[in-house]
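Engineer: Reconstruct the complex from the two isolated chains, following the hints.
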Amino acid sequence: METRLNSTPPSNWSRRLQKRIGHGDLPWQGLIVIASALVMLIILGIAAFLWRQSSGTITKFGWSFVAPTADPNWDPINDNFQAWPFIYGTILTSVAAMILAVPISLGIAVFVAELCPEWLRTPLNWLVEMLAAIPSVIYGLWGLFVFLPVVTMPVGKVLGNTLGKAPLLSQLFGGPIPESGASRLGAALILSIMVIPTISAVTRDVLLAIPSHQREAALALGATRWEMIWQVLLPYGLSGILGADLIGLGRALGETMAVTMVIGNSLDPSPSLLRPGYTMASVIANEFAEAVSKIHVQALMEVGLALFLITLALNILARLLVWSVARRTPQEVRA
Amino acid sequence: MSAGTVSLSRFQQLMAQNQAARIARRKALNGVMLTLTGLLTVLALIPLFWIVGYVLYKGAAALSIAFFTQLPTPMGIPGGGVRNAIEGTIVITVLACLFAIPPGVLAAFYAARYPNTPLGVAVRFSTDVLSGVPSIVIGLFIYVLVVQPQGHYSALAGGIAVSLLMLPTIVRTTEEMLKLVPHSLREGSLALGAPEWKTSVSVLFPAALSGIITGFLLAISRAAGETAPLLFTALGNERYDIADIVHNGMVQKQGAFTILARIINQPADSLPLTLWKNSQQPFPERIQQSWAAALVLMVLALLINVFARVWVEYRRRKLQG
Chain F
1 METRLNSTPP
11 SNWSRRLQKR
21 IGHGDLPWQG
31 LIVIASALVM
41 LIILGIAAFL
51 WRQSSGTITK
61 FGWSFVAPTA
71 DPNWDPINDN
81 FQAWPFIYGT
91 ILTSVAAMIL
101 AVPISLGIAV
111 FVAELCPEWL
121 RTPLNWLVEM
131 LAAIPSVIYG
141 LWGLFVFLPV
151 VTMPVGKVLG
161 NTLGKAPLLS
171 QLFGGPIPES
181 GASRLGAALI
191 LSIMVIPTIS
201 AVTRDVLLAI
211 PSHQREAALA
221 LGATRWEMIW
231 QVLLPYGLSG
241 ILGADLIGLG
251 RALGETMAVT
261 MVIGNSLDPS
271 PSLLRPGYTM
281 ASVIANEFAE
291 AVSKIHVQAL
301 MEVGLALFLI
311 TLALNILARL
321 LVWSVARRTP
331 QEVRA
Chain X
1 MSAGTVSLSR
11 FQQLMAQNQA
21 ARIARRKALN
31 GVMLTLTGLL
41 TVLALIPLFW
51 IVGYVLYKGA
61 AALSIAFFTQ
71 LPTPMGIPGG
81 GVRNAIEGTI
91 VITVLACLFA
101 IPPGVLAAFY
111 AARYPNTPLG
121 VAVRFSTDVL
131 SGVPSIVIGL
141 FIYVLVVQPQ
151 GHYSALAGGI
161 AVSLLMLPTI
171 VRTTEEMLKL
181 VPHSLREGSL
191 ALGAPEWKTS
201 VSVLFPAALS
211 GIITGFLLAI
221 SRAAGETAPL
231 LFTALGNERY
241 DIADIVHNGM
251 VQKQGAFTIL
261 ARIINQPADS
271 LPLTLWKNSQ
281 QPFPERIQQS
291 WAAALVLMVL
301 ALLINVFARV
311 WVEYRRRKLQ
321 G
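The listed protein sequences correspond, in order, to chains F and X.
Going by the numbering used here, the first residue of the first sequence is number 1, and it counts up by one from there.
Going by the numbering used here, the first residue of the second sequence is number 1, and it counts up by one from there.
Just chain X, same shape as in the assembly (with noise of 0.2 Å):
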């Protein structure tokens, strides 16, 4: 009897020793896998701080005042700058929100008026999904019905080609900020007896209208660094210079329209596709002038970002209380 119940109690202890062992290894890795979660957060934010900090530090050495206001001197001559990219950037961006804001901003209405009719859930699926296609996919699409039809590369191809890849985000952002609108807006404004289509444009639109121009900049960042898709339609265009272009219009006394189809029929560089061909240049000033260019595309893009994001939270905080 008595050596039964030590027997028992032996194996109790054996069970509680197992126990507290069981329990210690499960604590231990429950600390070590926490822990490093933490660890690749850190790991993953080093090429960051890595990436902006020399970029900052070999773009600002090659910044300069001519960078911004001349044209690029010819191969193997140090000096000169990229205006003819950033005119190209600005002319190539306008084209692009052109051709993205209008039926991105529509196509949004539609969706987040319907989300769960076919066509609703279609336009979602599809946006996401364009959200995924390459780059250089949309530039090929954008060679063969463009640029092959016209003959030559122009502009007005990479500003196609770009709007393209901005389409999605516009219709993603301005849907989400459309939702975030109270419904007693909407019904506010059924109520008085306004049609659908002026309660969405003098109602809805206006509400939502600062998350929405959010998200034209977060597209337009976007847009500005997109190299890919204007290898093949905006080409490069070294001496590409709107104010000459301009004032030979003015001399042959050309019609505004003209001069502006002049200004987007012909190829055109831009900042991304300059840093991509400078860089494969054995020239130093020019990988220089690479930096520069990587310079002012990344304070570009995380400004806007920075200033999104922060924009967003706020409106968000606000429309939420």
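Chain F on its own, in the form it takes in the complex (with noise of 0.2 Å):
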């Protein structure tokens, strides 16, 4: 009791952190926050380096290098790049797949997530998990093999032969389709099949996390179930859905290994749906362990930025519209 009398008390802000430190919680808070930090600096250092690397075709080529052009070149031979082909063929592809995902994945999360007894919503939900399991490579081996020729190769020849005559489609079904399959068209329907599962699963959550009262008033009023649906329950959750569709559109474009293997990888200056071609993730993965000259090395580091930074905004929207249904409601919607 006397000692303590007689000892000086320790300023107020110094027994703070005494006891702050002491307790070890400050460490620990400085830890939890570096790692947070990292994370973004993850995305950051992504978008620094493949910048300063691709400074050289930046500064050579400008916009020139991602630029629509009807004559393009992609020639290290004599350091010539343009990455128009790359980027037409992952637009063509990436949203023929979702033309064909998306009103498929609607379908799947109103069955699973309004329709369905209630016994068989858990098994369903896991066999398109199990889509999403299989690895990419795999969906490419049996693109490859089993899908290229009995499923690509005569819905190939009967659009090029329906569509490829018509007047104003002829540019995008043209052409013959190789004997092997390998074609955007094989690339699009594989893409399709890979982004079901992201999609839907992130739509049946958008369509969850709806309040049941906006159900029940639709159906008090008389309308049907598929009325409730159509104009009630998928109005409510449209920036949501769209937002799984823009997730599931971001997924498509960067895509590699299952696409680099049925696409065909060949600068076929055709713009057709049914010829062999590129997309960027396929040019990046094909030629990059084989560029010799530093420029060849850059321009692809180019298309991997450019790549990159497509990605990152159509998540950002992505991330944006689907947690803005959810702040609407209590539940918590995350692909």
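The hints are simulated quantities; they were obtained by calculation from the structure and are not laboratory data.
Mixed in with the good hints, there may be bad ones.
[Said to hold, decoys possible] Derived Cβ-Cβ restraints for the label pairs, each shown as a range:
| hint | chain 1 | residue 1 | chain 2 | residue 2 | range |
| --- | --- | --- | --- | --- | --- |
| 1 | F | Thr162 | X | Leu209 | 20 to 26 Å |
| 2 | F | Pro176 | X | Leu98 | 47 to 53 Å |
| 3 | F | Asn80 | X | Leu43 | 52 to 58 Å |
| 4 | F | Ala47 | X | His247 | 40 to 46 Å |
| 5 | F | Glu216 | X | Leu98 | 47 to 53 Å |
| 6 | F | Leu120 | X | Gly151 | 52 to 58 Å |
| 7 | X | Arg262 | F | Leu163 | 19 to 25 Å |
Built from N, CA and C at the ideal position, the CB exists for glycine as well.
Structural biologist: The following block contains the structure:
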């Protein structure tokens, strides 16, 4: 008691500091803050490093590197690079994949979230997630040896004979499909199979996050179940569903192995879906390890940078959309 | 007067007819569209059964003991296995876990504890965004960050690349599992005077541990199947042989650390990488090995996923009563 009264009390500030460090909370806080910052630094780091590595082609070719052109060059021998064929291939295959995948995923999400009996819901969720769990290289292998000859070839022939003869679409569906079936069409079909699990899972979560009084009100007004889904649930969840589609689109744009294995990897000048081509990801996968000249490496780095920036923008937009639905409702929706 | 009544009832009759037709039409549309959603679900699941069935059929025929225990024979010569790739997959995955798990778990603690601070929102947002970055771009990034400065390809670079792909899964599942832990546990611990870090490490973490490990498993199953980020980081190495490296190291009396460094510092193969390379070869026995590798990878991925789902479901039911 005596000693305690006689000792000079430490200042308020240092006592609080000692207390916190003594308890170990400050280092702990520092540790988890650093770990959190690391996750963000990775994204900034990717952008910065790829930018620095491709500075050579960025200054040399400027915007003409990524601009649309009728007569593109990709010529490692003469150091002339324009990435338009790959950008075109990426956009064409991804958009075609989305045209197929979006309605199918919407159907699955509606069926799983709104219609199917309770006992069926969990097994269905599992099956769809199994589809997402299969590594992409296995899709590629199956696509190369089974899907291309069995599905893509016949479908491509039919499309070529019908839409290929139509006046406006002949550019898009012209040209004979190669006997192997390796084509942008093959890539688009495989991509659609691969993004369906992602899109349908996020869409399902968006639908499940819609409060049930919305459903009850629609049904009470005499709507059929389809009218309730089409006129109430889908508009209500629209931004989230768009977000789900954008996440899927991001996956499709960046998908590498399966596409590389089925797209044929050629600089075919035809814009047709039925011809072989390249995507941004597949050209990097194919050429990077063999790129000798410095400028070739830089050109591929810039393709990677462009791919990164596109998917980054898409993902940011998508997450904001999905989060906007989650914020309105207590349940959280995340892909 | 009577004519007026007749025409009114005629009007009502038409209205009623019209309405009945409209209701029938709406009901028909309802039936058609609802059936359609069911059919689309079945359509989307066809590829799953097709792929699983075909890989089982082709892979089972190609699988043998030698596949697991022998090194590849030179191109065009039948026989041999992919032991190099199996060893490489293990080394790369272990490295990836070492790099991804500690920061991932710590970041998840932050995101679960402070979900609404600016940094908390930023962490959750950037993990979501990171999970959407194409894996080939991650490969390029690690090429610049690790392979270029080192001057050679290595299992280490492959492991770092794969760790970046595991990170989002680990942060997200850990965060969700931490959030499932009842508040009363954390409050009880704090009320007993335990500091924040002790509450996190010795109360929250053990309570959520089994769920967190499930998240690790899911991340590992994804990591083990990745090919694109390894193309120019781990590169591939048909003569990767850990037993040989260890044996040589022992003969030359090198320390354990040197031997370990030699294991992770040279190019390594992995199963998906081997699968891809072999599928591009004209030799039938190489393509056979591709199917066998596909079977191993697929069974691994599906088993881990089924196990993880069952476990998470069980935990959730238990925790939520």
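Engineer: Hints first: check each against the structure and report whether it holds.
Structural biologist: Quick rundown of the hints versus the structure:
1. F:Thr162 - X:Leu209: 20 to 26 Å: 58 Å, violated
2. F:Pro176 - X:Leu98: 47 to 53 Å: 52 Å, holds
3. F:Asn80 - X:Leu43: 52 to 58 Å: 45 Å, violated
4. F:Ala47 - X:His247: 40 to 46 Å: 44 Å, holds
5. F:Glu216 - X:Leu98: 47 to 53 Å: Distance hint for Glu216 of chain F, Leu98 of chain X holds at roughly 51 Å.
6. F:Leu120 - X:Gly151: 52 to 58 Å: 56 Å Cβ-Cβ, so the 52 to 58 Å window holds.
7. X:Arg262 - F:Leu163: 19 to 25 Å: Violated - the Cβ-Cβ distance for Arg262 of chain X and Leu163 of chain F, about 58 Å, lies outside 19 to 25 Å.
Going down the numbered hints, you'll see the structure goes against 1, 3, 7, while the others check out.
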